[in-house]
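Protein chains in written order, with my numbering: chain A, 1 to 125; chain B, 126 to 231.
Be a bit skeptical, because a hint or two may be false.
[What the hints assert, rightly or not] In silico PhoX-like pairs for lysine-lysine, Cα to Cα no more than 20 Å straight-line: (1) Lys45(A) to Lys227(B); (2) Lys162(B) to Lys45(A); (3) Lys13(A) to Lys83(A); (4) Lys163(B) to Lys227(B); (5) Lys150(B) to Lys218(B); (6) Lys218(B) to Lys66(A); (7) Lys163(B) to Lys45(A); (8) Lys162(B) to Lys227(B); (9) Lys83(A) to Lys66(A).
Hints listed in this document are in silico derivations from the structure and should not be mistaken for laboratory results.
Quantities reported herein were computed from a predicted structural model and do not represent experimental measurements.
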Amino acid sequence: QLQLQESGSGLVKPSQTLSLTCAVSGDSISSGGSSWNWIRQPPGKGLEWIGYIYHSGNTYYNPSLKSRVNISVDRFKNQFSLKLSSVTAADTAVYYCARGVVYSGSYGPENWFDPWGQGTLVTVS
Amino acid sequence: SYEVTQPLSVSVALGQTARIPCGGKNIASKNVHWYQKKPGQAPVLVLYRDSNRPSGIPERFSGSNSGNTATLTISRAQGGDEAEFYCQVWETKTGVFGGGTKLTVL
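Let the hints inform the model, and build the full structure from the sequences given.
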C-alpha cells in the first residue's frame with residue numbers, strides 16, 4: 001500500500017527558505033504513471049496546488065509561486081522535496097505531499113491526487 | 126486563470142441526499158475530481174474524472190458534470206459524511222481547487 005510521510009522544519013523565519021521532504025513507501029518513486037506533488041492549506045483557507053515532479057525529473061509549478069519554488073527527487077532514498085524561498089507569514093500552512101495519478105487530458109497530462117500524506121504544519125514567524 | 130467556485134456550505138438532513146456543486150466556465154469540458162477533508166486529517170479522493178469511485182468509497186457517492194456545473198451527490202447522508210469537500214481540475218498544466226464546501230448533516 002502506497003504511503004507518503006512529510007517531514008521538515010515546522011518553524012521558519014521570514015525571508016528564509018522552507019524545506020520539506022516526503023518519504024514514499026510501498027512503491028518506487030521512479031514508477032511511470034505517477035507525479036509527486038506538493039499541496040498546501042493555509043489556516044482557515046482552501047487547498048492550493050504548489051507543483052509536481054514527474055519520475056522523469058520534469059517539474060511544473062503553480063505560476064503564482066514559480067519564482068520561489070523548487071521540487072526535487074532523490075531516487076535512492078525514494079523521496080522528494082520542496083523548497084520555498086523568501087517566505088512570509090502568508091506561507092504559513094499545512095503542507096501535504098501527494099501522489100498524482102497521471103492521465104491524458106484534453107490539453108496534455110493531468111492528475112488526480114491519491115493518496116496524500118498526513119500533512120505537516122509550517123509556521124513562518 | 127481558470128476559476129472554480131463552490132458554495133461555502135451545504136446542509137442535508139440525515140438520510141437525505143446532498144448535492145455539492147462546483148462551477149466553472151464550460152467545466153463539462155474538463156475532468157473534475159473530488160476530495161473529502163475532515164479536520165486534522167488528510168484529504169481523501171472520493172471521485173475522479175467526474176464520476177468514478179476509487180476502491181473503498183461507498184456507492185452513495187456519485188458525480189456528474191454538465192455545462193458549467195459539476196456536482197458531487199451523496200445519497201443517504203450519514204453523520205460521518207460531515208466534512209469539507211473540494212473539487213479539482215487542471216488548467217494549462219496547473220492544478221486548480223475550488224474553495225471548498227462544508228457539508229453539515231442535520
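Evaluated hints:
1. Lys45(A) to Lys227(B): OK: lysine 45(A) and lysine 227(B) at ~12 Å, within 20 Å.
2. Lys162(B) to Lys45(A): Holds. Lysine 162(B) to lysine 45(A) sits at ~12 Å (cutoff 20 Å).
3. Lys13(A) to Lys83(A): 14 Å, holds
4. Lys163(B) to Lys227(B): 10 Å, holds
5. Lys150(B) to Lys218(B): 17 Å, holds
6. Lys218(B) to Lys66(A): 13 Å, holds
7. Lys163(B) to Lys45(A): The given pair, whose Cα atoms are some 14 Å apart, holds under the 20 Å limit.
8. Lys162(B) to Lys227(B): At roughly 9 Å apart (the allowed maximum being 20 Å), lysine 227(B) and lysine 162(B) satisfy the hint.
9. Lys83(A) to Lys66(A): Distance of about 11 Å is within 20 Å: holds.
Checked against the numbered hints listed earlier, the structure breaks none of them; every hint is satisfied.
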